[in-house]
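*Asks:* As a plain string of letters, each chain reads:
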Amino acid sequence: MLLKRFMMKVAGLPSCEQVNSFLALYMDDELAEKDRSAFERHLRRCKNCSAYFYQYRTTVELVQQEREHDVALPDELIEHTLAFLRQSAAYAD
Amino acid sequence: MSATESVLDVDALLGGSRQEFEKLVVQESPRLFRVIVRMVGDDDEARSIMQETFLQAYQRLDTFRRESKLTTWLYAIGINQARAALRKAKRTSSLDDQDVERMQPTFTKGMFSGSVDAWSPLQMAELSERKRLVHDAISKLPPDYKEVVIMRDIEQLSTDEVAEALNITNGAVRVRLHRARQTLRELLDSHIRE
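Note that the protein sequences, when read in sequence, are chains D and V.
Per the working numbering, residue 1 is the first one in the first sequence, and the count goes up by one each step.
Per the working numbering, residue 1 is the first one in the second sequence, and the count goes up by one each step.
Please keep in mind that the hints were generated in silico from the structure rather than gathered at the bench.
Among the clues, some could well be false.
Claimed, not checked - As a list, the in silico DSSO-like pairs of lysine-lysine whose alpha-carbon atoms are at most 27 Å apart:
{"no.": "1", "chain 1": "D", "residue 1": "K47", "chain 2": "D", "residue 2": "K9"}
{"no.": "2", "chain 1": "V", "residue 1": "K90", "chain 2": "V", "residue 2": "K140"}
{"no.": "3", "chain 1": "V", "residue 1": "K131", "chain 2": "V", "residue 2": "K69"}
{"no.": "4", "chain 1": "D", "residue 1": "K9", "chain 2": "D", "residue 2": "K34"}
{"no.": "5", "chain 1": "V", "residue 1": "K109", "chain 2": "D", "residue 2": "K47"}
{"no.": "6", "chain 1": "D", "residue 1": "K34", "chain 2": "D", "residue 2": "K47"}
{"no.": "7", "chain 1": "D", "residue 1": "K34", "chain 2": "V", "residue 2": "K109"}
{"no.": "8", "chain 1": "V", "residue 1": "K23", "chain 2": "V", "residue 2": "K88"}
{"no.": "9", "chain 1": "D", "residue 1": "K9", "chain 2": "V", "residue 2": "K109"}
Just need the whole structure built from these sequences, with the hints factored in.
*Replies:* As structure tokens, this is what we get:
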């Protein structure tokens with residue numbers, strides 16, 4: 001592990017921990033070019049970070065698919081809400 | 001813009017126009033309901049919270065500041081109502097902050113402690129209960145984490161909008177989202193590992 005860290009350092013690459021802290025920004029394409037390049041070079045050399053990134057990205061994709069499994073809206077949701085408002089004393093022009 | 005959407009006259013709405021406010025109800029009910037039901041996990045309760053949210057919003061129109069989006073302001077009220085309902089019902093999520101902490105990866109001198117076992121693409125493809133697993137994993141998150149995942153990853157609001165709705169910084173949104181995603185990864189891990 002120490003040797004791997006040393007090799008990364010010599011190559012001017014971030015540690016696994018730094019790469020982990022970049023994941024959300026990388027996914028949002030908000031990393032500065034220099035950091036993005038270092039992130040990707042680290043990933044190519046590190047099996048753990050590469051596996052972890054794949055799993056992190058897959059998790060986000062699975063969660064995003066929840067959107068497609070749309071929540072069924074109760075019948076007349078809007079009509080009932082409007083009726084609720086109109087009978088409330090606090091709802092007046 | 002969908003068939004049910006129309007342009008809101010924000011000035012009239014803020015002046016208390018019921019007609020304009022009801023346009024907001026028509027436009028935002030579906031998404032607001034989805035956010036709230038994902039937080040509280042019950043249709044009837046979510047409907048009641050949503051109705052109270054709109055009533056509170058109408059009563060508090062004077063607190064709306066134009067620097068934020070009207071919808072973001074509305075979600076802030078809805079999220080607070082949902083949190084209050086969860087507190088009142090003393091309903092706790094199955095994971096707490098310590099569990100979330102435990103599910104973050106650990107590092108020794110900056111490098112992964114231990115090895116990360118690969119996920120099997122075949123296992124992923126064949127996992128018939130995938131949808132339920134993901135749904136259950138999200139429902140286990142503590143509210144602070146769940147609401148960020150719902151708004152950012154499911155409803156696709158921007159980081160700025162989530163930060164405004166939750167009254168926290170953009171940095172805090174990113175940190176919570178990252179920790180939530182890592183917790184979800186950990187919850188899915190045992191089902192998908194090779």
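*Asks:* Out of the numbered hints, which ones does the structure contradict?
*Replies:* The structure breaks hints 3, 8; every other hint is satisfied.
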